[in-house]
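K.L.:
Chain by chain, the residues:
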Amino acid sequence: MPAARQLELVINGERRSAEVEPRTLLVHALRDGLGLTGTHVGCDTSQCGACTVLLDGRAVKSCTMLAVQAEGAEVTTIEGFARNDELHPIQRAFVEHHGLQCGFCTPGMILTASDLLTRAPDPDDATIRRALRGNFCRCTGYQSIVDSVRAAATALREGEAA
Amino acid sequence: MEHVRPSTLDEALEGLAAPDAKALAGGQSLLPVMKLRIVRPSVLVDIGRLELGGVHMSENELRLGALTTWNELESAQELERPALAALAECASGIGDLQVRNRGTLGGSLAHADPASDMPAVVLALGAQIVLRAASGERTVSAEEFFLGPFTTALGPAELITEVVFPLVEGSGSAYVKVEHPASGFALAGAAAVVRPDGGQSVALTGMGGQAFLLASDANPVDALPDAEIYGDRFAPVEYRRHLAGVVARRALDRARERMEGTGE
Ligand SMILES: Cc1cc2nc3c(=O)[nH]c(=O)nc-3n(C[C@H](O)[C@H](O)[C@H](O)COP(=O)(O)OP(=O)(O)OC[C@H]3O[C@@H](n4cnc5c(N)ncnc54)[C@H](O)[C@@H]3O)c2cc1C
Ligand code: FES
Ligand code: FES
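Residue numbers (my numbering), protein chains in the order written: chain A, 1 to 162; chain B, 1001 to 1264.
Please keep in mind that the hints were generated in silico from the structure rather than gathered at the bench.
Glycine included, C-beta positions come from ideal geometry on N, C-alpha and C.
Hints may contain errors.
Stated by the list, open to error - Pairwise CB distance ranges, derived in the manner of DEER restraints:
no.: 1; chain 1: A; residue 1: Glu96; chain 2: B; residue 2: Leu1147; range: 34 to 40 angstroms
no.: 2; chain 1: B; residue 1: Gly1245; chain 2: A; residue 2: Tyr142; range: 29 to 35 angstroms
no.: 3; chain 1: B; residue 1: Ser1007; chain 2: A; residue 2: Ser17; range: 46 to 52 angstroms
no.: 4; chain 1: A; residue 1: Arg157; chain 2: B; residue 2: Val1237; range: 48 to 54 angstroms
no.: 5; chain 1: A; residue 1: Arg119; chain 2: B; residue 2: Val1140; range: 31 to 37 angstroms
no.: 6; chain 1: B; residue 1: Gly1261; chain 2: A; residue 2: Arg15; range: 50 to 56 angstroms
no.: 7; chain 1: B; residue 1: Leu1147; chain 2: A; residue 2: Gly72; range: 47 to 53 angstroms
no.: 8; chain 1: B; residue 1: Gly1245; chain 2: A; residue 2: Glu74; range: 45 to 51 angstroms
Said to hold, decoys possible - One-sided excerpt, in silico: chain B residues whose CB lies under 8 angstroms from chain A:
no.: 9; residue: Gly1027
no.: 10; residue: Leu1031
no.: 11; residue: Val1033
no.: 12; residue: Ser1135
no.: 13; residue: Glu1179
no.: 14; residue: Pro1225
no.: 15; residue: Asp1226
no.: 16; residue: Ala1227
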């Protein structure tokens, strides 16, 4: 087995070093190597989106990516999403619009929504549902998640205008 | 297993000469099959950062780099024309947002999953696939490229570098699929091209061992009864043959509407 090596990653704006083997998945490096357990493993088969993180701002499934593939890129996990101890507007919208129950899917939902809203600041419901297609929720029935993303879009647009 | 990240195409081809070496592009097909231990590479040659991307349009052809992602295809303004509309239409229906951010054109064609979408489009549009090995470059037509389930004309130490589409001015194209509701892969997918001289092509995917062109000069749908179509637990053969007709006709209609400027 090839020896583990120290991998330098930029995570939530900080330079971090983690010990990984070539085969280590990004999600395992985050959770086991760096203690960032906000990124969840729901299926490990690329289906559920619970492991979604942002790679240079784009949503990716961290169970379907090797840690070594993230070298040199900026990784954002849910731990780094709040701004200076204040919830991000997308997080706040999920709280206010009942976008979560057990919360297991929520980090992935929020980071996928972030990717969508940076590209499409004013999405209709069909666009929101299409963007969240790779994120499963076993609790909410999705409607309140769609409501949350729509509210977040409004909040972000108004924040921008202010 | 080792991971190497070559910085040039030549280095990548050198790396692929090792026994059981595998190229890694977006990883959206390779990592799932590695997790299942179906593939156990000794070396992963990470081509993800080579300069093999990009949408390049010239007067009479479109060249797409192998590393062009689904997301780049679905949002490329150059492709917003009837003759090439099938490309973005197909890419936007693949997987989900996360998969489209990582998955690449070259990876999908090389993987050659018989239920994958894009093979039908490259066949219908008459694309040429450019392959590079240490010994040199060759070009094969899409028809010569797909040989069977997960089997292509690619040699073990060869890479797809780009895919070249002839531009037929005034033509229209479309991709229509009926997808498996859970996986999103095609139960039946059809890509169609309609040309101003009356010519039309249809290619089907999700039907059998590999995507294929329906051979007929007049109406490609007439060739359906003779096409080799497989049944499985998701779609028995009669049902799938029926679906094939439905998606083929819809794709032809949409391609014609685009050609005539009456569609979107
Ligand atoms: C949840 C999920 C849903 C999906 N849904 C769909 C769907 O609806 N329709 C669909 O068509 N696909 C679907 N896919 C597959 C997806 O489109 C993959 O991205 C694509 O098939 C492979 O591209 P990749 O860049 O990820 O390739 P990789 O996984 O990196 O590689 C795949 C194979 O191709 C080889 N390879 C990669 N690049 C090259 C190259 N340039 N030259 C030679 N060989 C190369 C690799 O060695 C490997 O054998 C889905 C995948 C997932 C995880
Ligand atoms: S854990 Fe990655 S998609 Fe489910
Ligand atoms: S809130 Fe429980 S899985 Fe979505």
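K.L.:
Hint by hint, say whether it matches the structure.
P.N.:
Here's how the hints hold up against the structure:
no. : hint                                     : in the structure
1   : A:Glu96 - B:Leu1147: 34 to 40 angstroms  : 55 angstroms, violated
2   : B:Gly1245 - A:Tyr142: 29 to 35 angstroms : 34 angstroms, holds
3   : B:Ser1007 - A:Ser17: 46 to 52 angstroms  : 23 angstroms, violated
4   : A:Arg157 - B:Val1237: 48 to 54 angstroms : 51 angstroms, holds
5   : A:Arg119 - B:Val1140: 31 to 37 angstroms : 35 angstroms, holds
6   : B:Gly1261 - A:Arg15: 50 to 56 angstroms  : 54 angstroms, holds
7   : B:Leu1147 - A:Gly72: 47 to 53 angstroms  : 37 angstroms, violated
8   : B:Gly1245 - A:Glu74: 45 to 51 angstroms  : 48 angstroms, holds
9   : Gly1027                                  : 6 angstroms, holds
10  : Leu1031                                  : 5 angstroms, holds
11  : Val1033                                  : 11 angstroms, violated
12  : Ser1135                                  : 28 angstroms, violated
13  : Glu1179                                  : 11 angstroms, violated
14  : Pro1225                                  : 35 angstroms, violated
15  : Asp1226                                  : 36 angstroms, violated
16  : Ala1227                                  : 31 angstroms, violated
Hint check: violations occur at hints 1, 3, 7, 11, 12, 13, 14, 15 and 16; the rest are consistent with the structure.
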